[in-house]
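Trainee: Sequence:
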Amino acid sequence: MRMARDSVAIATKEIRQLRRDPVSLVLTFMFPILLIGIFIVIVSAFSAPSYNIPVVVTDLDTSPASIFLVDKMTTSSIIRVAQLSPSEDQALQLVESGDVMGAVIIPQGFGESLLTTGRAFIVIQTDNSKITAPTLIIAAVNREAQDLVSNSGARFGVKQATVDVITKPISGRPPSGDTILPGFLGMIAILGAFDDIVNAISRERERGTFPRLLLSPVNIVSIYTGKMMATVLLTIVRTTLMLIIFVIMGLAVRGNLLLIYLTTALIAVFTLSLGLVLSARIRGSSTLTVLEIALTFPLFELAGVFQSPELLASGGRAIARILPWSYGNEALRRVIYLGLGFNAIAGDLLVLSLSSLIMIPIATMLSKRTM
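Counted the way the numbering used here counts, the sequence shown spans residues 1 to 371.
Don't read these hints as lab results, they were simulated from the structure.
Here are the in silico distance ranges between beta carbons for each label pair:
{"id": "1", "residue 1": "I67", "residue 2": "R143", "range": "11 to 21 Å"}
{"id": "2", "residue 1": "L60", "residue 2": "A318", "range": "33 to 43 Å"}
{"id": "3", "residue 1": "G109", "residue 2": "R143", "range": "19 to 29 Å"}
{"id": "4", "residue 1": "G347", "residue 2": "A318", "range": "12 to 22 Å"}
{"id": "5", "residue 1": "R119", "residue 2": "G341", "range": "34 to 44 Å"}
{"id": "6", "residue 1": "P86", "residue 2": "K168", "range": "12 to 22 Å"}
{"id": "7", "residue 1": "P361", "residue 2": "I67", "range": "48 to 58 Å"}
{"id": "8", "residue 1": "R143", "residue 2": "T240", "range": "39 to 49 Å"}
{"id": "9", "residue 1": "G315", "residue 2": "T116", "range": "43 to 53 Å"}
{"id": "10", "residue 1": "L350", "residue 2": "N219", "range": "18 to 28 Å"}
{"id": "11", "residue 1": "Q90", "residue 2": "T135", "range": "21 to 31 Å"}
Computed cross-link-like contacts, EDC-like style, restricted to lysine to aspartate or glutamate with a CA-CA straight-line distance of at most 16 Å:
{"id": "12", "residue 1": "K72", "residue 2": "D59"}
{"id": "13", "residue 1": "K72", "residue 2": "D147"}
{"id": "14", "residue 1": "K168", "residue 2": "E96"}
{"id": "15", "residue 1": "K227", "residue 2": "D195"}
{"id": "16", "residue 1": "K168", "residue 2": "D89"}
{"id": "17", "residue 1": "K168", "residue 2": "E88"}
These figures come from a predicted structure and were not determined experimentally. Quick reminder that beta carbons are idealized off the backbone N, C-alpha and C, glycines included.
Using the sequences plus the hints, can you model the full thing?
Mentor: Below, the structure written as structure tokens:
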């Protein structure tokens, strides 16, 4: 009987401790449901009935056949004609700047070649920093071109003809280069910052040193800023190690290394600022670690680690556009693969910076309320 009473007393104590930490209590019940929900979101995000890959089209021929082909591409379920460019150079510039993922060039004499020789060609210039998008663009354009000559050729007087699709990748990624390495670099910055949150706040609370730090004359903003500075230094080391791995694997880094360090540092700062908000409500390091694990797998898919968020279904794209990490990973791809400068990624860095500036005051306010 005594053993039973003691067991009941310990169980009651455990329940009371959970009640003191409502976030941990909720996660205890919701974590399995959360994992299943995340899996459903990922599956639905990738089961897209159609894609929305932006391309630019340049019709240098303006014959009835080329105009018909352009119209066919505008109705494609795979590509989206984001712009019609008057020149090939302007179309190439749009691809290099990252505004579109590919350029479709219909050369002058396209329609005449179909009529006279029964053979013509189209040039596709793609951003080869993404492994899936170029393949989908080529397949979509090739399908529309073959439909032109097989099903609609009679209206232009073409009985038997062939349209060749010539591809010209413009990125500096070598054939052996892995397209997900920049995304992995961004993910290393995210996961590293999450670990810094656990060490900087939650474990310090468990050791009892964080309340003493708050009672010191140091302002809480200074405390958080100091922890961010430490995270930036650790991120620089992590980024350096990843870049060394890139070189060993034969990846050509075309862009400025300082921009890569700046991008990973801003990714880490935003992650830490978000973690400071979470740690104000989540007391235990184990709970924060569980939350980190739960967030890792959807972030791999939704934050653009494996491929561009443009290839997700509409729901997945909407989530990706909300996540500041997506902009950081896209900036890394543009710098590493396309060799673009600060102007091309300024918008992405601005999103990361503003997101951090929003999170830090929230973390400060919540910390003061939960001291």
